[in-house]
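Number of protein chains: 2
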Amino acid sequence: MSGTLGDLGEFGLIGALTERVPVGPHVPLGPGDDAAVVAAPDGRVVATTDLLVEGRHFRRDWSTAYDVGRKAAAQNLADVAAMGARPTALLIGLVGPAELPVAWALELYDGLRDECAVVDAGVAGGDVVRGSAIMISITALGDLEGRPPVTRSGARPGDVVAVAGWLGWSAAGLAILSHGHRNPRAFVEAHRRPEPPYAAGPAAAKLGATAMLDVSDGLISDLGHLARASGVRVELSGELFDIPAQMRDVGRALGADPLQWVLTGGEDHALVATFPAGTPLTARWRVVGRVTEGRGVTVDGEEWSGTGGWDHFG
Amino acid sequence: MSGTLGDLGEFGLIGALTERVPVGPHVPLGPGDDAAVVAAPDGRVVATTDLLVEGRHFRRDWSTAYDVGRKAAAQNLADVAAMGARPTALLIGLVGPAELPVAWALELYDGLRDECAVVDAGVAGGDVVRGSAIMISITALGDLEGRPPVTRSGARPGDVVAVAGWLGWSAAGLAILSHGHRNPRAFVEAHRRPEPPYAAGPAAAKLGATAMLDVSDGLISDLGHLARASGVRVELSGELFDIPAQMRDVGRALGADPLQWVLTGGEDHALVATFPAGTPLTARWRVVGRVTEGRGVTVDGEEWSGTGGWDHFG
Numbered sequence: 092m093s094g095t096l097g098d099l100g101e102f103g104l105i106g107a108l109t110e111r112v113p114v115g116p117h118v119p120l121g122p123g124d125d126a127a128v129v130a131a132p133d134g135r136v137v138a139t140t141d142l143l144v145e146g147r148h149f150r151r152d153w154s155t156a157y158d159v160g161r162k163a164a165a166q167n168l169a170d171v172a173a174m175g176a177r178p179t180a181l182l183i184g185l186v187g188p189a190e191l192p193v194a195w196a197l198e199l200y201d202g203l204r205d206e207c208a209v210v211d212a213g214v215a216g217g218d219v220v221r222g223s224a225i226m227i228s229i230t231a232l233g234d235l236e237g238r239p240p241v242t243r244s245g246a247r248p249g250d251v252v253a254v255a256g257w258l259g260w261s262a263a264g265l266a267i268l269s270h271g272h273r274n275p276r277a278f279v280e281a282h283r284r285p286e287p288p289y290a291a292g293p294a295a296a297k298l299g300a301t302a303m304l305d306v307s308d309g310l311i312s313d314l315g316h317l318a319r320a321s322g323v324r325v326e327l328s329g330e331l332f333d334i335p336a337q338m339r340d341v342g343r344a345l346g347a348d349p350l351q352w353v354l355t356g357g358e359d360h361a362l363v364a365t366f367p368a369g370t371p372l373t374a375r376w377r378v379v380g381r382v383t384e385g386r387g388v389t390v391d392g393e394e395w396s397g398t399g400g401w402d403h404f405g
Numbered sequence: 092m093s094g095t096l097g098d099l100g101e102f103g104l105i106g107a108l109t110e111r112v113p114v115g116p117h118v119p120l121g122p123g124d125d126a127a128v129v130a131a132p133d134g135r136v137v138a139t140t141d142l143l144v145e146g147r148h149f150r151r152d153w154s155t156a157y158d159v160g161r162k163a164a165a166q167n168l169a170d171v172a173a174m175g176a177r178p179t180a181l182l183i184g185l186v187g188p189a190e191l192p193v194a195w196a197l198e199l200y201d202g203l204r205d206e207c208a209v210v211d212a213g214v215a216g217g218d219v220v221r222g223s224a225i226m227i228s229i230t231a232l233g234d235l236e237g238r239p240p241v242t243r244s245g246a247r248p249g250d251v252v253a254v255a256g257w258l259g260w261s262a263a264g265l266a267i268l269s270h271g272h273r274n275p276r277a278f279v280e281a282h283r284r285p286e287p288p289y290a291a292g293p294a295a296a297k298l299g300a301t302a303m304l305d306v307s308d309g310l311i312s313d314l315g316h317l318a319r320a321s322g323v324r325v326e327l328s329g330e331l332f333d334i335p336a337q338m339r340d341v342g343r344a345l346g347a348d349p350l351q352w353v354l355t356g357g358e359d360h361a362l363v364a365t366f367p368a369g370t371p372l373t374a375r376w377r378v379v380g381r382v383t384e385g386r387g388v389t390v391d392g393e394e395w396s397g398t399g400g401w402d403h404f405g
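Chains as they are written, first to last, in the working numbering: chain E, 92 to 405; chain V, 92 to 405.
Chain E on its own, in the form it takes in the complex (with noise of 0.2 angstroms):
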């Protein structure tokens, strides 16, 4: 479909999207009514909602708007799972300028909906509206399947931190593009598309988990939340991450510590828990250190210092 957001207008582009887009499995009633239905059988439901802004949070010549709906969607659906919880749909406005092409916008539906079909939810509904740059915002919906949600708060003096998903990728991928280059690929892919382990959200509380959050923001800013919010201490140990060779040398190429992206780097949308010691995890899940009595987030002893950034590492 070939023209502008200002050719098609605003009915005629959502109805264009939204045709583009499966409801999924979780969805008996979908766009096209004042509200979709959307399946809670838990008889609660999971709800996030985020925004992206161009220049913010995506720009266009360092993505595809592909990815950018791959990435949207990834960054919710992985707020979802962090609760342990199922995703089951999504909510999506866009607002885009008039002369953005009509292309750009199926692009990102495509990716939206090439993401949701990694966990079987689909998109239930959306608004579109003109405005002077583009935005998108998403609101993701889950379901608990009798569990209780697991928060930030309950973490206790004992357990283990456990990690499951990339870390430090998705910032390696930056620093390769903000240096010009597009290599190494697995990088740059992991910055433009992340893969969020959703599967490991559901299982986690299944497992036992006492805390549980999505690495958006940084391993160690996100695990400083955790903390604060169970009032505990969290001691990770440097030496139980695994740097891949290729990051290693990433790093030697452009002057910088792979700790360093593996330990503040957001988007890759681990996720880090905590659980009972003893609990058996399951492969997908590595130890990266324990919860004490106290406050704050350390790494082999040393504290971080929280805004001001690395005090005593890196």
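Hints in this document: simulated from the structure, not taken from any laboratory. Do not take every clue at face value.
For chains that are exact copies, the list does not tell them apart, and a pair is met inside one copy or across any two.
[Said to hold, decoys possible] Calculated pairs, SDA-like style, for lysine to any residue (alpha carbon to alpha carbon, straight line, at most 25 angstroms):
| # | residue 1 | residue 2 |
| --- | --- | --- |
| 1 | 297 | 377 |
| 2 | 297 | 119 |
| 3 | 297 | 148 |
| 4 | 297 | 123 |
| 5 | 297 | 244 |
| 6 | 297 | 192 |
| 7 | 297 | 116 |
| 8 | 297 | 340 |
| 9 | 297 | 275 |
| 10 | 297 | 121 |
| 11 | 297 | 132 |
| 12 | 297 | 109 |
| 13 | 297 | 381 |
| 14 | 297 | 237 |
| 15 | 297 | 368 |
| 16 | 297 | 130 |
| 17 | 297 | 134 |
| 18 | 297 | 120 |
| 19 | 297 | 270 |
| 20 | 297 | 208 |
Since chain E is already given, all that's left is putting chain V on it; use the hints.
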């Protein structure tokens, strides 16, 4: 609280905003985690999302932040009510420039809070980011209480068409403001702050409404959606509309036809529904027409042409 969004930062602002707005009785887990948990006792959740863009949907010189908040909440809560559901919670996204006064955002949330209070709903979560223009995304959730959703597609020949709430008040208010006036205040207030008849939505479902929607684009335009989705014709009778004397006065003063405001004005968020003939309607419902075989919407037998505007009318 003084200062701007740039002074306070996004994290600071989201904290100040969420403190300001109660989560309400339907939100067992509110803001502060990766996602909120909202009660969905029916086992399905009604969900709808809308975007409001400054300059398109509101003007800061015509409406206070408080009024924008009330209106933004109202239009989404009305969408939930139009499905026959009871609203439970909102999720809010706010994009604003760095120079946006924090006070503006706080007042916006006061408006959201007060409109939510009308229906005993709360704000379950949200996101705040900086961007070049003010944009608000709202997702509203609701509960069907065991009833089937009332869609747009169930109207049948022989049904009556009935309206609950106000029609034409917002359009009259907009006309007054557009002419540089501020009075009569009742219409200007109705434009700034619609009062949807929320309770009439679930009540209509209980009465056996066959189809329903909220009037957001204008009665004839919205009934066009209903007629198309149901495969029927909607025949309205102009004499059945009760046009207040004060609205007639404003029409005369501005050289406008008040029936045009009533039939084509949006944003009052009245509810329009179809019921089997003989349904004992309560006083809040006013019958304004009937459903017949055919297609389209007529007023006193004349067809409304759709996009071209009034061909045979007004």
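Comparing the hints with the structure gives:
no., hint, result
1, 297 to 377, "within (17 angstroms within a copy, 53 angstroms between copies)"
2, 297 to 119, "between (27 angstroms within a copy, 20 angstroms between copies)"
3, 297 to 148, "neither (33 angstroms within a copy, 45 angstroms between copies)"
4, 297 to 123, "between (37 angstroms within a copy, 23 angstroms between copies)"
5, 297 to 244, "within (17 angstroms within a copy, 42 angstroms between copies)"
6, 297 to 192, "neither (45 angstroms within a copy, 45 angstroms between copies)"
7, 297 to 116, "within (23 angstroms within a copy, 28 angstroms between copies)"
8, 297 to 340, "neither (38 angstroms within a copy, 67 angstroms between copies)"
9, 297 to 275, "neither (37 angstroms within a copy, 61 angstroms between copies)"
10, 297 to 121, "between (31 angstroms within a copy, 22 angstroms between copies)"
11, 297 to 132, "both (18 angstroms within a copy, 23 angstroms between copies)"
12, 297 to 109, "neither (34 angstroms within a copy, 31 angstroms between copies)"
13, 297 to 381, "within (20 angstroms within a copy, 55 angstroms between copies)"
14, 297 to 237, "within (11 angstroms within a copy, 30 angstroms between copies)"
15, 297 to 368, "within (15 angstroms within a copy, 53 angstroms between copies)"
16, 297 to 130, "both (21 angstroms within a copy, 21 angstroms between copies)"
17, 297 to 134, "both (18 angstroms within a copy, 22 angstroms between copies)"
18, 297 to 120, "between (30 angstroms within a copy, 19 angstroms between copies)"
19, 297 to 270, "neither (43 angstroms within a copy, 63 angstroms between copies)"
20, 297 to 208, "within (23 angstroms within a copy, 37 angstroms between copies)"
Violated hints for the displayed structure, listed by number in ascending order: 3, 6, 8, 9, 12 and 19.
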